[in-house]
Every structure is written in structure tokens, then in C-alpha cells.
Amino acid sequence: MDSLQLGSYEFSSRLILGTGKFSSTRVMLDAVRASGTQLVTVALRRFNREQAEDDLFGPLSEIGGITIMPNTSGAATAREAVRAAHISRELSGSPFVKVEIHPNPHHLMPDPIETYEACRILAGEGFLVMPYIPADPVLSKRLEEVGCTSVMPLGSAIGSGQGLSTAEMVRIIIRESNIPVIVDAGLRSPSEACAAMEMGCDAVLVNSAVAVSSDPVAMASAFAEAVQAGRRAKLAGIMPRSGSAVATSPLTSFLGTAS
Amino acid sequence: MDMISINLNGERREIPASSSVVDMLELTGAGRQQVAVVVNERIVRPDERATTILRENDQVDVLVFAGGG
Amino acid sequence: MSTLPAWLSDERLSADIAPMLSESSGASLERLATEAQALTLRRFGRIVSLYAPLYLSNFCSSGCAYCGFASDRKTPRRRLETGEIEKELVAMKSLGIGDVLLLTGERTSSAGYDYLRRAVETAARHMPRVAVEAFPMTVSEYRGLAESGCTAVTIYQETYDPENYRKLHRWGPKRDFLERLETPERALLGGIRSVGVGALLGLSEPVGEALAMARHVRHLCKTYWKAGIAVSFPRIRPQEGGYQPAYTVDDRFLARMIFAFRIGMPDVELVLSTRETPRFRDGMAGIGITRMSIASRTTVGGYHDPDSAGSSQFEVSDDRSAEAFCQALRSKHLEPVFKNWDTAYNGPVNSEEPACS
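Chains as they are written, first to last, in the numbering used here: chain A, 1 to 259; chain B, 1 to 69; chain C, 1 to 357.
Wrong hints could be hidden among the right ones.
Unchecked claim - If the Cβ cut is set under 10 Å, some of the chain A residues that face chain B in the computed set are:
#, residue
1, 8
2, 28
3, 49
4, 51
Quick caveat, the hints were computed from the structure, so don't treat them as lab data. Glycine is no exception: its CB is placed at the ideal position from the N, C-alpha and C atoms.
The task is simple: from the sequences and hints, build the whole structure.
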């Protein structure tokens, strides 16, 4: 079976879902079910009695077959991210952590230096580290070297819906990587998720595109199908694009005709 | 009963002196929830909560999972 | 033999190259050439980088069936002493050469590691760039070469078919297939900046060799992500003793292979030597090939005093002068580059950082 291998976990779904920005917990849970996802991200929040029904851990566990991947959003430094990871593991029992460190609250771009430092520490402690990063091929290899389970280069800024603006860089990352490459952030439509899979990504992470859709449940299942289609196409072998230059006279005449 | 003042989730809060973490969670309505508890930067695991006694000015964070990408 | 590495048979690493190698795939040679040209132009511009080989010695302990320097051949053996090496380098420099590849046979007591290291030191005093194509060495030996000024190592697997490899390498240290296969990695771990790989085309079934080469390159690129990788396409040539290769690799197939590699690996250096004819070299320059040897002598020495040179490792097909070859490149709107490096950058890659993942 063509499953996604992350650490010792095997997932048949290559769509990872974020749980933020939904209009209600109820809608979010329905979307999770409709997407067929087996890995969802959550964030740490302070408990508030008035918002007790927003705690997701119980409801998500009830769906069954879901592994939780806490993120470290809110952290602006490696130290804060490491602390958030420890607390999250305590709470979820899951070894997964999405290292997400974005000090600027406007563009939410990840800090490569703090991210590297946090990953180095957490990988050493046995976490399955999934870093959210700029689409940088060298950073990706460095994170692979320190033991990350995958790399998650951004498609475009979180919530911006600008699609796979980093496609060329992601291609290089995929080419060079020995660990799964998962595009995270900025994907706006199922076709973009499909394109990411055709390109060779091992999975995609989608949140805003599903959550802010007028019908998140339908959108979730559309994304699921798109990810499957893209993966199948990649495995089937996509026809290469034709050459982009046209020579004025044949380049191969010096080779003579076929014998 | 003597009360002490702790900092709970960023706000000052009065609780009975010698309250354990378990007591505090009951008081704040988190008794039945799956939560993480951090006291003065240290994670207090579930099996330690009954015996961890809170003191004046302790920084306490009670955390749950919420939606996030 | 211990287990062969997984990458050698990993079809995923060569899946994109495979269809391009087949005549029946519908990918016409001209279309592949056009794409290869476009990619070469985009990544390398119009530059063809030039180097020249300097055979330091033809002492050899091995019994390779296909080589003019095999230890049972009656060719007179020679090695260049320091003074002679310097004379050769000076002669090469007067031709404009700024990038030298030092060659020896397999390790012998007459021309072993210490001799080679001294030769590298000598060459580094005269040439901006020094590379070596010699015998497999240990990681610390490669570090020694890197410290002496060597920045690149070329080693051909000859054939990636272990069975055929065994038959062709009749005696000597070269019999060890796996040791040779792992040589580029040892060089990189020793702080050498780039490695060159290749198979001697004609020894084994050519499509299989091409696929294995592609896997080798991809494996090296993914594991040693800071390393430079170059691929050569030596095609077996007649030599004294007349070994008859089992397979014919015609010009069209060799061209197809080079195009496939350029398309599949747009930024890897692809190298063609003077084994090939002027017509083939000129044709392939700029449409995939980015690096070529020039004005080569495959005799021991031979630049300084051609008449005193003995027998050659293989027959040179393109014996044009440096000037004539550069003219040919320029007439194709390509720019020959003699110097692409400087001794100021010499020295091993930082040994504190791992070279690989």
C-alpha cells in the first residue's frame, strides 16, 4: 500500500488537516470526518471555563483513527517552542510536534533560526518533529540532518491563499530530501493540493481553505479527493513537458541518421 | 479559611491555602477536562497533581487543545 | 561479497531517465536535444569549462581486461618525478590550461599515496585547480589530498554490473566492487569538494549502466548535499592489446544518454573527454555537455616533450590544439573557460560539519 511513513506511524491519508478558524467545533469535527484525515494539528490554549466546549482533545479522540499533532504557535523563540512541545506531549501523549515559530504576527513567516534550534533539541528528545519552514532547500537539509521526521515548507503565507508560490523551491527540496516533504500553508483550492502531490510532495497540510469555505465539509472531501488524484498521477508517471526552445536548425544532424 | 493568591492563566485568583492542583482544577471547573498543568514553568503530571500543593504567588497555567493550523 | 547498497537497484531514482533512454519511447532525439540545450543554457549559460589530464605514471597492479596499462601488458612503465611534473605543468599552462586532472593507475609501491600527494602539492603550486583520478583511498588519505590542494576526485566504477565487474577485473586491488563504489563517498567525507563518476560504456549493457549511473548521482546528491557532482561518459576506445568490448554504444545512444542526464539533472556537470571525435565533441558542446578535456595527452607526461612519451592508456580521437578547439567552441557561440577556480579556495571542506545527512 502507498502509505505515508512518519516515524513509526503509517498513514493511508496524505491530507493533514488544521483545526483552526472554523466557525464552530461541530463544523470542524464534521470536516475532519469528511476529509478522511488521520493527522490533525491543534494549538495549546489556556483553559477557560466559559469556553470549555472548545476543548478538542476529547471530541477528536472520539472520531477514532486520528493522531494529534500539536503545534507550537504562540512561541516566538526556540525555548518557548520546546516548552510548548513538552506541555503538548503531556496532554496528548502523541510524539508528533509541529514546530511553528513565527515572531511577526502580521505575515506569520517562520523564523528559520529559532526553528532549527527548537528542532535540534526536540528531535534529540525523541519527538517526531515536523517543522514549518520557509521553502529553503538548505534549511531543509540541515533540519533533516538534526533528525526531523519531515519538512513542511510553506506554499505561501498562512491564510493568504496565494497557493504554491514557492513551487520551484519546493521542487528542489523534494529532489534533495530523504525525508517526507509536506507543503503547509497558503493552499487555496483542491487543484493546488493536487498540483503539490503531482510535483512529488508526500502530503499536504490544509487549514484555512477548508475552514473559511462556506461549506467546509464539502471542501474537506474535495481536498481529500484532490490529494488522492495528485498522488495517483505522480505514481502513474506524468508526461514530461516539451522543450521550451526551438532551434533554428537541427541540433542532432551531426549524429547522422538512425541505423 | 486562609486564602492565598495565585496567578492563574494570567489573572490573579484567590484559592484556599494548602489547595492541591486537583483542588484548584475542581474550583476552576476543569475537573473533568483533559488539561495540562504548568506550575512555575514546571509541568505537573496527572499522577502528581493530588500531592502538589500550591503556594502564594505561584504562576499556574492550565492548558487545553484548541483549534490551530 | 557484502550486501550491495539499496540505491543501486532503486528504480525510483532513475524512473524519469528510463523512458528517455528508449528509442521507442517517442521522445525523438531532436526533441531531447532541444530540451537539453535549453536547460544547459539556463543553468550554465554558454560556458564550457576546460581541463587537461596529466598522466603521472602508468605503473599499475591491476589486471583490467580493457586497459592498455594493465599489469600484464608489455608497455614500458614510467613515472614522472617532481621536476618532470613541473615541466609538464608549465607546458600545459602555456597552452592556457588552468585546471589539471592528475592520473595514475591502481595503487602500486612505485606510485602510491605519498607519491600522489607530493604530486598534488606540486600541481597546486602551478595550477589554480587540481583534481585527481587515481586509486580508491581511505577517508584520511583523501583528507590529506584535500589539505594538499586537491578539490576534486574522479573515479569511474567502470561497470555497475557486479558480475561483469568481477570478470573484467582479473586481479589486483581493483577486484573489490563495493570498495570502488563507495569511493566517491569516502572522498567527500575526507573533505574533497566534488566528485566525478561514470561507467566505461561498452563493458556492460548500456541502458542498465545509464540507470545505475543516474541512481549513483541521485544518491550522492541527496546524501552529500553540499558536494559538487560531475558525470563523465567515457566510451571504450581501441588500445594496445585490442580488447573487444561486449557492447556497442553508438553516437546516437551516447547522445541520448547525455540528453537524458541533462534533462533529469539540470545542474550536474556533464563531461566529455578527447576519447570522442571532434565532430561528436563539437556537436554535444552546449547541448548537454558543460565540461571537456582539451589538448590531451594520455601518455605519461607528453606535454613537455611529446616525442619522449611512451604508450598511451587509450587513443585520443580529438587531437586538436587548444587554440583550434576553442575556435570551434566560439563558432558555436560557446565560451571556453580555462579558469573556474582559484587556489585561494583550496582546503578541505570544514571537517567539523558533517558532509552528509
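Hint check results:
Against a cut-off of 10 Å between C-beta atoms, the interface hint on residue 8 (chain A) is violated, since the closest Cβ of chain B lies about 23 Å away. Hint on residue 28 (chain A) holds. Least Cβ distance to chain B is approximately 6 Å, under the 10 Å limit. The interface hint given for residue 49 (chain A) holds, since its Cβ lies 4 Å from the closest Cβ of chain B, which is under the 10 Å cut-off. Against a cut-off of 10 Å between C-beta atoms, the interface hint on residue 51 (chain A) holds, since the closest Cβ of chain B lies about 8 Å away.
Checked against the numbered hints given earlier, the structure breaks only hint 1 and satisfies all the rest.
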